[in-house]
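Line by line, the protein sequences are chains G and W. For the first sequence, position 57 matches number 591 in the numbering used here, and the numbering has no gaps at all. For the second sequence, position 49 matches number 245 in the numbering used here, and the numbering has no gaps at all.
Don't read these hints as lab results, they were simulated from the structure. These numbers come from a predicted model, not from an experiment. Warning: the hint list may mix true and false statements.
Stated by the list, open to error - Pairs of lysine-lysine residues, derived as PhoX-like cross-links and limited to a Cα-Cα distance of at most 25 Å, are as follows:
1) G:K595 x W:K199
2) G:K583 x W:K199
3) W:K214 x W:K266
4) W:K214 x W:K249
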Amino acid sequence: AQSVTQPDIHITVSEGASLELRCNYSYGATPYLFWYVQSPGQGLQLLLKYFSGDTLVQGIKGFEAEFKRSQSSFNLRKPSVHWSDAAEYFCAVGPFQGAQKLVFGQGTRLTINP
Amino acid sequence: DVKVTQSSRYLVKRTGEKVFLECVQDMDHENMFWYRQDPGLGLRLIYFSYDVKMKEKGDIPEGYSVSREKKERFSLILESASTNQTSMYLCASSFGLAGYNEQFFGPGTRLTVL
């Protein structure tokens, strides 16, 4: 069964516009949540993570994400995108399999129009 | 900074060849992972290891094996490469309980099997 869903495979936004990338999960308890970014030709880099406490978390590169338990969501946002934000974004949830692994979503590819 | 390196960025092999992908991390992490990344499927876990000489199957272990003889090195082996193993392979490492902690990724190896 799918544990993490990123409903949008590909999103295009204009430079300077706001951005929201969706992540939905199914998990029995409070999950540990992560957002990663993969720039072209690169490995994945952590943007931010949520473990507990304040449900709005700040990350690097001006990104933030909000944990909404009632909606089983952890959406990533940025108020104004830059051309350098063009990349693939992955949501991840854990722990699974005896606290030994994370499960990653399918990814959302972000294209920026000039 | 944690550094995860992979032996090759690009690799081209013939069907039936034995293929070795090497990964090295320099932060004394207990956990190491091999993922396969395909468009629309996100990251899928092949194998992981939480200690030297220990290994656990991930979600798609068929056709692969792994070796971890030293803490810093984790090798992925394709015993007899097939065209459906053409993909991007990502190595990652983490400390502690893997399901709770950030994973650090290498740049990936793009493998083509002809």
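Going down the list of hints, with the structure as the test:
1. Between the alpha carbons of K595 of chain G and K199 of chain W the distance comes to roughly 20 Å, so the proposed pair stays at or under 25 Å and holds.
2. With a CA separation close to 20 Å, the supplied pair K583 of chain G and K199 of chain W stays within the 25 Å bound.
3. The hinted pair formed by K214 of chain W and K266 of chain W meets the criterion: a straight-line CA distance of about 21 Å does not exceed 25 Å.
4. At most 25 Å may separate the alpha-carbon atoms for a hinted pair to count; K214 of chain W and K249 of chain W meet this at roughly 21 Å.
Figure legend: structure checked against the earlier numbered hints; every hint is met.
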